[in-house]
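As a plain string of letters, each chain reads:
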Amino acid sequence: PAFLVTVGAASIYYWRTLDETAREAHKFSWYWGSTLGIAIVIVLVLLDRSGLNFIQSLADAGTLGENPSEAFINGAYAIFLLQTVTYTGVWGIWWLRMR
Amino acid sequence: MENRLRVLRAERRWSQADLARQLEISRQSVNAIETGKYDPSLPLAFKIARLFAMKIEDIFYDSGQEANG
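Line by line, the protein sequences are chains A and B.
In case it helps, this note's numbering puts the first sequence at residues 1 to 99.
In case it helps, this note's numbering puts the second sequence at residues 1 to 69.
These aren't lab readings, by the way, just hints derived from the structure by calculation.
You may find that some hints are simply not true.
Beyond 12 Å from chain A on every Cβ pair, some chain B residues (computed) [unchecked claim]:
| hint | residue |
| --- | --- |
| 1 | Arg4 |
| 2 | Arg6 |
| 3 | Val7 |
| 4 | Ser15 |
| 5 | Leu51 |
| 6 | Lys55 |
| 7 | Glu57 |
Within a straight-line C-alpha distance of at most 27 Å, the following computed DSS-like cross-link-like pairs (lysine-lysine) qualify [unchecked claim]:
| hint | chain 1 | residue 1 | chain 2 | residue 2 |
| --- | --- | --- | --- | --- |
| 8 | B | Lys47 | B | Lys37 |
| 9 | B | Lys47 | A | Lys27 |
| 10 | B | Lys37 | B | Lys55 |
| 11 | B | Lys37 | A | Lys27 |
These numbers come from a predicted model, not from an experiment.
Don't be surprised by glycine CBs; every beta carbon is placed ideally from N, CA and C.
With the sequences and hints as input, model every part of the structure.
This is the structure:
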């Protein structure tokens, strides 16, 4: 909890140091980037449910976690990681387009 | 949206960094506004107008229209 509070406070401080262009970059990037990340996850789930069943294969191989609880947590981490990656990509593209 | 920001800055021999410092924004933001890739918010547009002692519409204009003055 102390770590989260510290990160939260640092985020608020960081946000206040940004000018409006940088804030707009983050807002745009978080909206479209994380939406893209979630869309990728949805596509993967739909592909799995369509008969490919690769998620079950990963689970059987123990890749997703030792038990359902661990698999759920790892899945949540994976979604967050994917959102962060796509957010970062969109953020980079936003600034490249501003040059 | 287009603007005369680069011209006005050049008339005063300010660098983008100089203008950024006076507007309290980043140099990248100044460049994005000058190149028309980012439209400033109304408060920032007013700040720019006050800095140059001009009306907003004398600095910013719609594509296809010329700025007044």
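* Asked: Has the given pair, Lys37 of chain B with Lys55 of chain B, been kept, meaning a C-alpha gap of at most 27 Å?
  -> Judged against 27 Å, a Cα distance of about 21 Å means the pair holds.
* **Separation of Val7 of chain B from chain A, once the least beta-carbon distance is taken, above 12 Å** => holds, 20 Å
* Asked: Holds or violated: are the alpha carbons of Lys47 of chain B and Lys37 of chain B at most 27 Å from each other?
  -> Roughly 19 Å separates the two Cα atoms, so the pair holds.
* Asked: Once the closest CB in chain A is found, is it more than 12 Å from Lys55 of chain B?
  -> holds, 21 Å
* **Non-interface claim for Ser15 of chain B, where every Cβ of chain A lies beyond 12 Å** => For Ser15 of chain B, whose nearest Cβ neighbour in chain A is about 17 Å away, the distance exceeds 12 Å, so it holds.
* Distance restraint between Lys47 of chain B and Lys27 of chain A, which requires alpha-carbon spacing of 27 Å or less -> holds, 23 Å
* To do: Test the statement that Glu57 of chain B is away from the interface with chain A: the closest C-beta pair must be farther apart than 12 Å.
  => holds, 20 Å
* Distance rule for Arg6 of chain B, whose beta carbon must clear each one in chain A by more than 12 Å -> Nearest chain A Cβ is 15 Å from Arg6 of chain B, so the label holds.
* **Assertion that Leu51 of chain B lies outside the chain A interface [Cβ separation over 12 Å]** => holds, 15 Å
* Mind checking the alpha carbons of Lys37 of chain B and Lys27 of chain A for me, to see if they're no more than 27 Å apart? => Cα-Cα ~16 Å, so holds.
* **12 Å cut-off, C-beta based - Arg4 of chain B kept clear of every residue in chain A** => The claim stands: Arg4 of chain B keeps its Cβ more than 12 Å from every Cβ of chain A (closest is about 19 Å).
Going through the hint list in order, the structure satisfies each hint without exception.
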